[in-house]
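Turn these sequences into a full structure, and let the hints steer you where they fit.
Residue numbers (my numbering), protein chains in the order written: chain Y, 58 to 215; chain H, 58 to 215.
No lab work stands behind these hints: they were computed from the structure. Be careful, since some hints might not be right.
Unchecked claim - Pairwise CB distance ranges (calculated): (1) Y:Glu204 x H:Thr195: 14 to 22 angstroms; (2) H:Lys200 x Y:Asn194: 23 to 31 angstroms; (3) H:Ser79 x Y:Glu87: 47 to 55 angstroms; (4) Y:Ile78 x H:Asn160: 50 to 58 angstroms; (5) H:Glu199 x Y:Asn105: 35 to 43 angstroms; (6) H:Glu199 x Y:Glu204: 21 to 29 angstroms; (7) Y:Asp96 x H:Gln104: 35 to 43 angstroms; (8) H:Gly114 x Y:Val215: 51 to 59 angstroms; (9) H:Ser79 x Y:Gln90: 31 to 39 angstroms; (10) Y:Arg193 x H:Glu172: 28 to 36 angstroms; (11) H:Gly114 x Y:Phe214: 38 to 46 angstroms; (12) Y:Cys126 x H:Glu102: 46 to 54 angstroms; (13) Y:Lys128 x H:Ile78: 31 to 39 angstroms; (14) Y:Glu87 x H:Asp100: 45 to 53 angstroms.
By construction, the Cβ of each residue, glycine as well, lies at the ideal position given by its N, Cα and C atoms.
Listed below, chain by chain, are the residues.
There are 2 protein chains.
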Amino acid sequence: MHSTVSCSTVEKKYQVRKLEISDKSKGFLELLQQLTVCDSVSDQEFQNRFEELKACGDDRVVGVIEDECSKKIIATGSVFIERKFIRSCGKAGHIEDVVVDSNARGLQLGKKIVEFLTDHARSVGCYKVVLYCGARNTGFYEKCGFEQQAINMGKYFV
Amino acid sequence: MHSTVSCSTVEKKYQVRKLEISDKSKGFLELLQQLTVCDSVSDQEFQNRFEELKACGDDRVVGVIEDECSKKIIATGSVFIERKFIRSCGKAGHIEDVVVDSNARGLQLGKKIVEFLTDHARSVGCYKVVLYCGARNTGFYEKCGFEQQAINMGKYFV
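What follows is the structure in structure tokens.
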């Protein structure tokens, strides 16, 4: 039964959990740098932001996967819950800032993260979950059960 | 100076303000029905959601334009502020649920709403503001200073 044991080990090794404050020292911000601009911040700034998000409870979840061997964060993504008036005062989940370490591709970690965030949105009663991505990533999200719906537009202030 | 007086009157007549709880009786939900599914909710449900959003302070603003003559809400849109770890613990504004009454098109009310929400996002320190829209609305948002950036994808639970 080697394959079963192996699979079980992999499952355990790459479980998604919620962000912990100690993850700053485990390369969480360095991982986000692989996604976009993410300058280092002081421990105090990190703690303040961490506590602001924690105060939102289930409305704001950051998921991470830690490599048990290296003790480094190798995948992350976040979801926030938007409370609306439409859809009978419904809620929508917004997935943001999904990234997998470039050395950990091919392990389906991105899919695990997206499923974790999607399951969270469903569990708190969202009627939908949305995200936006570049054209090269639409195939990945289609495999995760998402469909192309609209065009994302933005305005940068800085 | 007739034109100045007229312009000033129009400006005053169609000012954007924050949602008030009494707007439920001024057709706020009926206006949202022009956008998407928005079944009626009880006064208590509306009040609960209103107070949840109010508790978020500047992180959650719903703007409305009231027609001073009819006392009806004829345009609305919302913005929520997402606190992130990227961009030195930066903030992003998300514009949602923008709609103008079908009988009040051509008065630039949509532009006023989007500018109000964009200004709010800028004033609280966001590095960007984003939204998603159908292909037929990209021209409108380009006039508001937005650029196409990515593809919006979604998964509906209900």
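A quick look at each hint next to the structure:
1. Y:Glu204 x H:Thr195: 14 to 22 angstroms: 19 angstroms, holds
2. H:Lys200 x Y:Asn194: 23 to 31 angstroms: About 28 angstroms separates the Cβ atoms of Lys200 (chain H) and Asn194 (chain Y), which means 23 to 31 angstroms holds.
3. H:Ser79 x Y:Glu87: 47 to 55 angstroms: For Glu87 (chain Y) against Ser79 (chain H), whose Cβ atoms are near 50 angstroms apart, the range 47 to 55 angstroms holds.
4. Y:Ile78 x H:Asn160: 50 to 58 angstroms: 53 angstroms, holds
5. H:Glu199 x Y:Asn105: 35 to 43 angstroms: For Asn105 (chain Y) against Glu199 (chain H), whose Cβ atoms are near 36 angstroms apart, the range 35 to 43 angstroms holds.
6. H:Glu199 x Y:Glu204: 21 to 29 angstroms: For Glu199 (chain H) and Glu204 (chain Y) the Cβ distance comes to about 25 angstroms; the hint holds.
7. Y:Asp96 x H:Gln104: 35 to 43 angstroms: Given range 35 to 43 angstroms: holds, Cβ gap about 42 angstroms.
8. H:Gly114 x Y:Val215: 51 to 59 angstroms: Given about 23 angstroms between the Cβ atoms, the range is violated.
9. H:Ser79 x Y:Gln90: 31 to 39 angstroms: 48 angstroms, violated
10. Y:Arg193 x H:Glu172: 28 to 36 angstroms: Between Arg193 (chain Y) and Glu172 (chain H), where Cβ atoms are some 33 angstroms apart, the hint holds.
11. H:Gly114 x Y:Phe214: 38 to 46 angstroms: Because 20 angstroms falls outside the window, the suggested range is violated.
12. Y:Cys126 x H:Glu102: 46 to 54 angstroms: 50 angstroms, holds
13. Y:Lys128 x H:Ile78: 31 to 39 angstroms: 50 angstroms, violated
14. Y:Glu87 x H:Asp100: 45 to 53 angstroms: 50 angstroms, holds
In the structure shown, a violation is registered for the earlier hints numbered 8, 9, 11, 13, in ascending order.
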